[in-house]
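**Student:** Protein chains in written order, with my numbering: chain A, 1 to 407; chain B, 1 to 506.
Worth flagging that the hints you see were computed from the coordinates, not collected in a lab.
Any given hint could turn out to be false.
What the hints assert, rightly or not - Simulated restraints, written as ranges between beta carbons of each label pair: (1) A:Asp79 with B:Asp294: 57 to 63 Å; (2) B:Tyr215 with A:Glu230: 43 to 49 Å; (3) A:Glu230 with B:Gly153: 34 to 40 Å; (4) B:Glu81 with A:His8: 55 to 61 Å; (5) B:Glu155 with A:Pro327: 27 to 33 Å; (6) B:Val115 with A:Gly311: 44 to 50 Å; (7) B:Pro132 with A:Gln124: 49 to 55 Å; (8) B:His494 with A:Glu230: 18 to 24 Å; (9) A:Arg149 with B:Tyr284: 23 to 29 Å; (10) B:Tyr290 with A:Asn399: 36 to 42 Å; (11) B:Gly153 with A:Lys180: 55 to 61 Å; (12) A:Gly233 with B:Gln297: 31 to 37 Å; (13) B:Pro132 with A:Ile365: 25 to 31 Å.
All C-beta atoms, glycine included, are put in the ideal place defined by N, C-alpha and C.
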Amino acid sequence: MNMNNFTHYETPFRDDKVFDGCGISAFINVDGKIENGSKIIDMVTCLQDRENGLGAGFAVYGCFPDRKDDYCFQIIAEDETTRDKVKEFLKARGTINFEEKIPVKSDMGLPRQPVLWRFFFKPQASVDKADYDDYIVKVHMALNDSFQRKAFVMSAGKNCMALKGNGWSHEIAEYYQLDKYKGNMWLGHSRFPTNTPGSWFGAHPFSLLSWNVIHNGEITSYGTNRRYLEMFGYKCLLGTDTEVIAYLFDQLVRRHRIPVPIAALAFNPPLYDLIDRMPREQMLTMKNIRMTYRSALLNGPFSIVVGSELGGKPAMIGLTDRKKLRPQLIAQSVDEKSYFISSEEASFERLKLAEGNDHVDIEKIWAPHAGTPFIARLGDGMVRTGTEKPFEGIQLAINEYPPELGI
Amino acid sequence: MSLIHKVFPKFKVNVDQEKCKKCTRCVNACSFGVLSFNGERIVADNEKCVDCQRCAVYCPAEAIMINDFPIVYSPHGTYTERIRKINWFQSGTGGVLLASTGTDLPYPVIFDDIVLDACQVTNPSIDPLREPVETKVFLGSKPAKLDFDIDPGNENNVTMRTRFPPNFEMSMPLMVGHMSLGSISFNACMSIYKAVSELGIVAGSGEGGLNEAFYPYKNHLITEIASGRFGVDLNYLQGVAGLEIKIGQGAKPGHGGHLPGEKVTSLISETRMIPKFSDALSPYPHHDIYSIEDLQQLISALKEATRYKIPIGVKIAAVHNVAPIASGIVRAGADFITIDGFRGGTGAAPRIIRDHVGIPIEVAIASVDERLRNEGIREKVTLIAGGSIRYSADLIKAIALGADICMVGMPVLLAMGCRFCQQCHTGNCSWGIATQRPDLVKRLDVDVSVQRIKNLFHAWNEELKEIMGAMGIDSVESLRSNRDRLRYLGPNPHIAEVLGIKHVGE
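Next comes chain A alone, as it looks inside the complex (with noise of 0.2 Å):
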């Protein structure tokens, strides 16, 4: 593990944005099952190739039962005066209910360690309950904003959390103690940044509210997104194409309310070739989601997985872009309850060759079309196969139909 670089580059380049290759894996137990990291573990780091030792992370859902309503603010602090600095940031704009080190495994050797602490907390009393989530975001973002270079934040999910640092997948999953958290939903990440040290900050997932977001390949487009998303208060601070992802999905999911799968359109439209070829509904709406949101489309190489809590229900998307040029496979465990996603199949034998817990009986093993989500979410099972024709399934309507142009 490299035990620098934590919320900032120590010695830093001249380039400040990372292009980094990647292992990524995660799964769902859409029987709302629980377990520990052992499964996760497995699966990312088996992936040894697609990682060089410099970042790796993990998200896990329903590992707070028991304070699923606070926002649990996860910070990596350079020190604890900044630390301290961070509670009062916070508790000047809410209550802290709860806070605690983040455990770590101690006996490491590891000579100079960040702080790392977890808060949970509720917006000041002033705040309307509807609009917590908008807060928590200007929370979030001003957090970072404000200890730029001392201290940020990994993740301020509800009932959800990310853990991350600059280190090897089976390193940061053993010094964060993975076996002691038990969820439904597991996301990990396995990192191999091209032109950087590695850092803790810019490793994944990366979060905001209940989204995480790990992620394989690199955004072409990130100007143009950031510059979109800039306008709505996001700050993109963290120097990782990656970062824009979860944002993109706050401001087009969580906050203009657009369904996962046609939102997965806006990211990834079909080509106006097909488009121009659909029916006149899917045509229209098709062109107006391509030019309403021109600006969030994703350009270049991804695979990723993006964890979300929408409705209180924790699903996993996976998305890959329209050219698919990063993997990624789908598996369905035999019993129906668990669905997996990794970057390679070897994470899924690695399962079915387990023994005890880590056990999985899989066939089902599928390739997702390029550009199309996958979707499983707790209670409801697979969602979305990632194989359905744009807007396959979905009845779609349109309530005013565009004048032609001209009169």
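Fit chain B to the known structure of chain A by using the hints.
**Tutor:** Relative to the frame of chain A, chain B by itself:
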């Protein structure tokens, strides 16, 4: 006799008498009265030559060479030949000097100080000949967000509530700028309108009205409402791709239009709806727009008149305060906003304004895009930029700085044969482009010009795709405002800051 007014010509026409066949084709070709045949040989009145090259191109013996006039002006770094001539001319005429095209002064071109990015290793580049790369754009206003109603009982029953605002679908982010019938010829207009209709893009009508002969193409035209209101009638407003209120033009910010009476032929007269041979001088401001609220009223009136079915835009020249002005225009309800940079062209403008007023389009795009973003209204509007978009590299850089669509004029004229002699204001264009003389207009072959314009735009679009492909971008909306893919390699890093781009090596 005083000869102090005498200024030596700029060019010298050399006719190789050994090669010359005395066919006098050059005499007919010259529309500026330079060449004549004295019974023995072709002779040239060099003073009138503008270097339009028509004679040289059409000489069957390749006997004509046009050179600089071989006279040396005693060197001086401050009082250059240009400055001296301006003073000589003005002390002769006592008048404002007219000029055309964009400024000929060697202002630095910021586009040339910007370099583009490409992918290596971490990200595959795309070959646009093998994989789709999309360049379609929409001209018009966009909703801030889309509203979907989701059936609470079944999440798969979805209704889109947001209305699709009027937008013109363009096959590429490129349009032909506003050049009126009057500033250019009937055949030139016809060539442009036919070409854009076939290309699936739009052209601007300019402020000269719309001749009936062009009605078949008007669904690919943005008609312009300028301060003179020339030719504005129902047909001018209806069935067009867009309507544009022209406030200013890059070549002459703060100025109106100038079409001298001798150019107002019956064709121009009936199209502009003004008497024959009367000067068509559009006022400097719109006399019903003295403020932003007046502009808002005109925008609303036009939207009402066209029943909200046509995008309405406003064109302004790039001046120092272009960003707040643009922001006001968007708030006044414009669906698109056109910004014309100070190197932009003109058919006729006072030289002093053309050469000295306004700011470069590169800076204007960057500051308007940034301001509209700071105010959260950028996505709503289509930003069209023009004024010295010279070739595809400028188009690509303009889009990456923040433009949705680029507007070009001069390159289209070049495609039609223009030799850039910068004499449009004289009305003697020997290539039949910037003239109303019937004998010259008929020189312009419409079919050939249509094909050449189409070729040019196709080439630009292909080059746009090539660059996007190299950047790993497969759709032009991801290039727009993507300043991360630009770097500055020029003499003044402060410009990079103003443009919001990094220096090379950063």
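**Student:** For each hint, tell me whether it holds in the structure or not.
**Tutor:** Okay, the hints, checked on the actual structure:
1. Separation of Asp79 of chain A from Asp294 of chain B is about 60 Å and conforms to the stated range, judged on CB atoms against 57 to 63 Å.
2. Between Tyr215 of chain B and Glu230 of chain A the CB atoms are about 45 Å apart, so this pair conforms to the stated range of 43 to 49 Å.
3. In this structure the supplied range 34 to 40 Å holds for Glu230 of chain A paired with Gly153 of chain B, their Cβ-Cβ distance being about 38 Å.
4. Between Glu81 of chain B and His8 of chain A the C-beta distance comes to about 57 Å, which sits within the given range of 55 to 61 Å.
5. Look at Glu155 of chain B against Pro327 of chain A: about 29 Å separates their beta carbons, and that is inside 27 to 33 Å.
6. Range check, Val115 of chain B to Gly311 of chain A: Cβ separation about 48 Å, and the 44 to 50 Å hint holds.
7. A beta carbon spacing of about 51 Å between Pro132 of chain B and Gln124 of chain A agrees with the range 49 to 55 Å that was offered as a hint.
8. At about 22 Å, the beta-carbon gap between His494 of chain B and Glu230 of chain A stays in the expected band of 18 to 24 Å.
9. Take Arg149 of chain A and Tyr284 of chain B: their Cβ atoms lie about 54 Å apart, and the range 23 to 29 Å is violated.
10. A hinted range of 36 to 42 Å holds for the C-beta pair Tyr290 of chain B and Asn399 of chain A, which are about 40 Å apart.
11. For Gly153 of chain B paired with Lys180 of chain A, a C-beta distance near 41 Å fails the hint of 55 to 61 Å.
12. Remark: the range hint 31 to 37 Å for Gly233 of chain A to Gln297 of chain B is upheld by a beta-carbon distance near 33 Å.
13. A hinted range of 25 to 31 Å for the beta carbons of Pro132 of chain B and Ile365 of chain A is consistent with their spacing of about 29 Å.
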